[in-house]
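Protein chains in written order, with this note's numbering: chain P, 1 to 157; chain E, 1 to 163.
Hint data in this document are derived by calculation from the structure and do not stem from the laboratory. There may be inaccurate statements among the hints.
Taking beta-carbon pairs under 10 Å as the criterion, some of the chain P residues facing chain E (in silico) [to be verified]:
| hint | residue |
| --- | --- |
| 1 | D7 |
| 2 | G27 |
| 3 | V29 |
| 4 | V30 |
| 5 | R38 |
| 6 | E60 |
| 7 | A82 |
| 8 | K118 |
| 9 | Q125 |
| 10 | V128 |
| 11 | V132 |
| 12 | T138 |
Taking lysine-lysine and the DSBU-like style, the derived pairs with C-alpha atoms no more than 35 Å apart in a straight line are [as the list claims (entries may be wrong)]:
| hint | chain 1 | residue 1 | chain 2 | residue 2 |
| --- | --- | --- | --- | --- |
| 13 | P | K118 | P | K65 |
| 14 | E | K110 | E | K97 |
| 15 | E | K28 | E | K66 |
| 16 | E | K90 | E | K66 |
| 17 | E | K77 | P | K5 |
| 18 | E | K77 | E | K90 |
| 19 | P | K65 | E | K110 |
| 20 | P | K65 | E | K97 |
| 21 | P | K65 | E | K28 |
| 22 | E | K97 | E | K50 |
| 23 | E | K77 | E | K50 |
| 24 | E | K77 | E | K110 |
| 25 | E | K90 | E | K28 |
| 26 | E | K97 | E | K77 |
| 27 | P | K118 | E | K66 |
| 28 | P | K5 | E | K97 |
| 29 | P | K5 | P | K118 |
| 30 | E | K50 | E | K66 |
| 31 | P | K118 | E | K97 |
| 32 | E | K50 | E | K28 |
| 33 | E | K90 | P | K65 |
| 34 | E | K66 | E | K77 |
| 35 | E | K97 | E | K66 |
| 36 | E | K90 | E | K50 |
| 37 | E | K77 | P | K65 |
| 38 | E | K97 | E | K28 |
| 39 | E | K50 | P | K65 |
| 40 | E | K66 | E | K110 |
Idealized CB from N, CA, C, for every residue including glycine.
Listed below, chain by chain, are the residues.
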Amino acid sequence: MLSFKEDLASTPVSALATREAIVVQPGTVVRAAIAQMRAHSLGCAVIVDYSQHPIGIFTEQSIIKLLARGVSLDNCPVQDFADPTFLSVNHADPIEHVWDAIQQDGVRFVCVIDDDGKLIGITGQRGVAEYVADCFATQVTVQRLGSTPWMQQREGA
Amino acid sequence: MNHDLTQSDSSTYEDPLSNYDPIDYESKLQLALAEESADVFGSQPFAQVKPTDTIRHAIQSLYESKESSLLVIDDEKLVGIFTERDVLEKVAERYPKLAEHSVSEVMTAKPTVIYETDPAAAALAAIAVAGHRHVPLIRLDNTPYSVASPRLVFEFIQTHYDA
Chain P
1 MLSFKEDLAS TPVSALATRE AIVVQPGTVV RAAIAQMRAH SLGCAVIVDY SQHPIGIFTE
61 QSIIKLLARG VSLDNCPVQD FADPTFLSVN HADPIEHVWD AIQQDGVRFV CVIDDDGKLI
121 GITGQRGVAE YVADCFATQV TVQRLGSTPW MQQREGA
Chain E
1 MNHDLTQSDS STYEDPLSNY DPIDYESKLQ LALAEESADV FGSQPFAQVK PTDTIRHAIQ
61 SLYESKESSL LVIDDEKLVG IFTERDVLEK VAERYPKLAE HSVSEVMTAK PTVIYETDPA
121 AAALAAIAVA GHRHVPLIRL DNTPYSVASP RLVFEFIQTH YDA
């Protein structure tokens, strides 16, 4: 049986859950990007070039930065506040690449591309966490979650 | 049917746990996830604000700390969490109007938490199943001691996955 480490090194990124990306152009105004991110409850928008190749990413971190600096949402293009942790991986690359990027560089979102470099979707911390949870479903799915100790969540005597 | 509990025949008594088979884990990582408590994540410094602080102050704290969430603490007790997602969904597009409002108006109150005695796997469940990226880790006296994030959980896994 493969160890989990070996599993990460041999399983392709295509096994991770991906989400359809929000795609914007470099010159898209940040207010428009934020509106799409909010509407889709997604923490990033991928900046693509004319051939739909991802070239950057605008994230919730970018929003914090521009609000803290007092930048107007209406006058600023997304490329000016692109997140420096941008990463693209091929769908056939091992999950290990994404794992290492998360642990070493703090990457949260990863663009998954096809063999032509075109964007397939978005994965990242959430996708890897879901994959890990699937691998350890017996331990994970029995957990009780809430805002109180589980003894207080029980009904009855 | 009545049972006479005052009469017991010790010769026929069988310990109900005598046939108990302990769980057979396939790896030390499975064992660690199920049996180690969230206390194993340890105390880590976390960014925090008071519920009466302004949203402007909270945004500045997120920016300067480079954290993705702030625990909202009142009298040393957790009352909420304010995250980048709250900024995206509730604040960003109305920031000039909301900047001087209190963070309590836009924080997530009563967030999902993990108690120090919960299994480490609970943190993974909160992130992967419930979809929370930041989960306060709480002592039994309700004081927070860290925030579980994907990176923290992955680090825990990494320390066990060679075993």
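Straight-line alpha-carbon gap P:K65 to E:K97, limit 35 Å
holds, 18 Å
Restraint status (C-alpha distance of P:K5 to P:K118 at most 35 Å):
holds, 29 Å
Need the status of pair E:K90, E:K28: alpha-carbon distance at most 35 Å?
violated, 42 Å
Given P:A82 as an interface hint, is its Cβ closer than 10 Å to any Cβ of chain E?
The hint is violated - P:A82 has no Cβ within 10 Å of chain E, the shortest such distance being about 16 Å.
Let's test the interface hint: is any C-beta of chain E closer than 10 Å to that of P:K118?
violated, 26 Å
Hey, E:K97 versus E:K66, does the alpha-carbon distance stay inside 35 Å?
holds, 24 Å
Straight-line Cα separation of E:K77 and P:K65 no greater than 35 Å?
holds, 29 Å
Tell me if the straight-line CA distance from E:K50 to P:K65 falls inside 35 Å.
With Cα atoms ~21 Å apart, E:K50 and P:K65 stay inside 35 Å; holds.
When you check the alpha-carbon spacing of E:K90 and E:K66, does it fall within 35 Å?
holds, 20 Å
Take the C-alpha atoms of E:K28 and E:K66, compute the straight-line distance between them, and say whether it is at most 35 Å.
holds, 34 Å
Regarding the pair P:K5 and E:K97, is the alpha-carbon distance no greater than 35 Å?
The hint is violated at about 49 Å.
Does P:G27 hold up as a contact with chain E if the rule is Cβ-Cβ below 10 Å?
At about 19 Å, which exceeds the 10 Å cut-off, the nearest Cβ of chain E leaves the hint on P:G27 violated.
Going through the hint list in order, the structure does not satisfy hints 2, 3, 7, 8, 17, 21, 25, 28, 31, 32 and 38.
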